[in-house]
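S.K.: Residues per chain are reported as follows:
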Amino acid sequence: MVLEIKKVSKNFGGLSALTDVSFSINKGEIFGLIGPNGAGKTTMFNLVTSIFPTSSGDIIFKGEKINELKPHLITEKGICRTFQNIRLFPQMTTVENVMVGVHSRSSSGVLKSVFRPKSQRQEEEGIKVKSQDLLKFVGLEGYEEVVAENLSYGQQRRLEIARAMASDPELLLLDEPAAGMNETETEDLFQLIKRIQQKGITVLLIEHDMPLVMNLCDRIAVLNFGVKIAEGTPKEIQDNPEVIEAYLGREEDELDA
Amino acid sequence: MLIEQLINGITLGSIYAIVALGFTLVFGVLGIVNMGHGEIFMFGAFIGVLVTTTFGLPLWLAFLAAIIVTAFMGYLLERFALRPLRNHQGSNHLAPLISTIGVSIFLENLSHHLFGPGNHPFRTPFAEMSIEIGSVTVYLVQIVIFVISLILMAALSFWLGKTKAGKALRAVAENLETASLLGVDTKKYITLTVILASAMGGIAGILVGMAFNAVTPQMGLSMGLKGLAIIILGGMGNVKGAMVGGLILGLAETFIVVYGDSGYRDAIAFIAIIVILLVRPQGLFGQKTSDVRR
Chain X
1 MVLEIKKVSK NFGGLSALTD VSFSINKGEI FGLIGPNGAG KTTMFNLVTS
51 IFPTSSGDII FKGEKINELK PHLITEKGIC RTFQNIRLFP QMTTVENVMV
101 GVHSRSSSGV LKSVFRPKSQ RQEEEGIKVK SQDLLKFVGL EGYEEVVAEN
151 LSYGQQRRLE IARAMASDPE LLLLDEPAAG MNETETEDLF QLIKRIQQKG
201 ITVLLIEHDM PLVMNLCDRI AVLNFGVKIA EGTPKEIQDN PEVIEAYLGR
251 EEDELDA
Chain C
258 MLIEQLINGI TLGSIYAIVA LGFTLVFGVL GIVNMGHGEI FMFGAFIGVL
308 VTTTFGLPLW LAFLAAIIVT AFMGYLLERF ALRPLRNHQG SNHLAPLIST
358 IGVSIFLENL SHHLFGPGNH PFRTPFAEMS IEIGSVTVYL VQIVIFVISL
408 ILMAALSFWL GKTKAGKALR AVAENLETAS LLGVDTKKYI TLTVILASAM
458 GGIAGILVGM AFNAVTPQMG LSMGLKGLAI IILGGMGNVK GAMVGGLILG
508 LAETFIVVYG DSGYRDAIAF IAIIVILLVR PQGLFGQKTS DVRR
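Taken in sequence, the protein lines are chains X and C.
To convert, note that position 220 of the first sequence is 220 in my numbering; the numbers rise steadily by one, no gaps.
Numbers given in my numbering equal positions in the second sequence, counted from 1, plus 257.
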C-alpha cells in the first residue's frame, strides 16, 4: 500500500468538509476520487499535501504518518500534485517551471549557489537536461523557452504535470487534469497518464470527465457531502445505486423538477 | 559638461538602483514594503565610516564588515519583526508594514545614540583622484561606485536567472504556496531574501558615503522614500525595473540641478511617482494583472 487514508475528518469552523473518510491506494494503480462539486475531493488533496491540517484521522504514506509535516517535506517524501485552477509560475519559462520542481531532489543549497563551484554548475546542467526530458515526456518539446503564461490552456495543464513529476514522486495527485480540455486533448491526457503509470508512479486522480475516469482508473472512491459512499472498480461504481443517486438525484426529484 | 553630468547621474543612479533592488526583492517575495530598509542602508554607511575613518582600515574591509552587519540586521528584521506576524493567523496585512516602520524609527534613534547626530565624513584614500579624458574629469570614486554597482547587478541577475536557488526564490515570489508544494523550503528563502536585500542596502550605504563624503543618521529616511519611488517607477517587485528606475532617477536628479532649479532635486522622485501612477500605474516593467501575488 502506498497511501492509506484512515478515518480522516476535516472541519472548517462548523462546516465538516470530510467525515471519517477511509481508503487506501495500492502501489502502481490509478485511483479515481470522484463526486459532485463540493463533495470534498480537493479538500482531501489539500490534506494529503499538508496545506491544511487534518481535524482527526491519519494519513499514512509508505507506512509513515505524514499529516503533520510541512508541505515541502511532503514533496521530499515523494508526493506531488497539480492544481484544479492552474498554478504555474506564469512569468518563468516553461523549462524553468519544471526546474523549480526538481528542487527537492537536488543537493546543493543556497551557499553553494552563491559561490558556484563546478559541482553546482554541473548539477544545474543535469537539472536542465532532466527538465527537458520531462517536457518531452508530456509533449511540450520545443516550448522550453516560452514564458508559461503564453502557453495554451491544455499545454499549461501538461506543464503542471511535468513540473509535479520533476520531484520524482511515487504518488502523483492530479486535480481535474482534463478540465477545459477538448476531446483530442483529453485523449492525449489519457495516454499521458497511462505512460505515467507505466513508469511505476501511483496516480490519485480527481476528475469530472466520467468516460476518462471509467476507462483510466483501476479503482474509484466516491465522495458525497464529505462522506465516502462507495469504493470499487469502475464497473462496480457504475452499477452502484447510491452513486447514481448522488450524481443524478432520486427519481421523484427528477419528476418534481 | 554634459558628459560629466551624465557620469554624475549614472553614478548616483547606480547607487539608487542597488537600494531599490533591496526594496524590490523583499516586495517581490513578501508583498510588503520594508520601511526599515533605508535605516539598514544608513547603518551600512556608518559601518563604513567606523572601519575606514575611525579605525583607519582599508576599504574592502569596510565592505566586508558592512555586509556582515547589515545581513545580520536583515536576519533579525525577518526573525523578530516579520515572521511572528506572518505566522499569526488573522493578523492584518498592514501589520508587517507598521512593524518595519517601527524598526526604522528604532534604528534611526539607535544610530543617533551610537554615532551621534550631524555629519560624519567618509574618507577614502582616492577621494581626490581623478582622470582627465580630453576635457572631461572623472573621479576615481565614481568609477569604483559604478563598477561595484554593475558587478552587483550582474551577479544578482545571474543568480536569480541561472541558479537553482535563484529560481526557487523567483518561484516563491510568484506563488508561495505552490513553491512550497513543489518542495521549496519557503521559510528559508524568505529569510534569505531579507538578508540578501539588507546586505545590498549595506553596500549601497558605503557607496553613498563614498560619493557624498557625508553620513548622517537621517540619511536612511530620504533614501528609503526614493527607493520606494524607484520601485513604483520600475514596477513593484520587478528586478529589471529597479535597475532602470534607479538610473532614471539618478540622471533626472542630476540634470534638474544643472539645467533647472536645484531646489527641486528631491522633488523629482515624488513627481515621478505621481506621473507614473497617473500614466502607467503598474510601473515601467510591471505586469498589468497582479494575480501572481496574493
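If you are wondering where the hints come from, they were derived from the structure by calculation, not from laboratory data.
For clarity, every value in this text was computed on a predicted model and none was experimentally measured.
Be aware that one or more of the hints could be misleading.
[To be verified] When the alpha-carbon atoms are kept at most 25 Å apart in a straight line, the in silico SDA-like pairs for lysine to any residue are as follows:
id, chain 1, residue 1, chain 2, residue 2
1, C, K444, X, Y153
2, C, K419, X, H72
3, C, K419, X, K194
4, X, K70, C, A529
5, X, K130, C, N432
6, X, K27, X, S16
7, X, K27, X, P90
8, C, K444, X, R87
9, C, K497, C, Q475
10, X, K130, C, G423
11, C, K444, X, I51
12, X, K27, X, E245
13, X, K70, C, K497
14, X, K194, X, Y153
15, C, K445, X, R105
16, C, K419, X, K235
17, C, K497, X, L212
18, C, K497, X, P90
19, X, K65, X, P90
[To be verified] Chain C stretches covered by chain X per the calculated footprint, using a threshold of three residues with CB under 8 Å from any CB of chain X:
id, region
20, 258–268
21, 416–423
[To be verified] If we take Cβ atoms under 10 Å as the criterion, some of the chain C residues that face chain X in the derived model are:
id, residue
22, G288
23, L409
24, R427
25, V441
26, S519
27, R522
28, D523
C-beta: ideal position from N, C-alpha, C; glycine also.
S.K.: Which numbered hints turn out to be false for this structure?
M.R.: 1, 3, 4, 6, 7, 9, 12, 13, 16, 17, 19, 20, 22, 23, 26, 27 and 28
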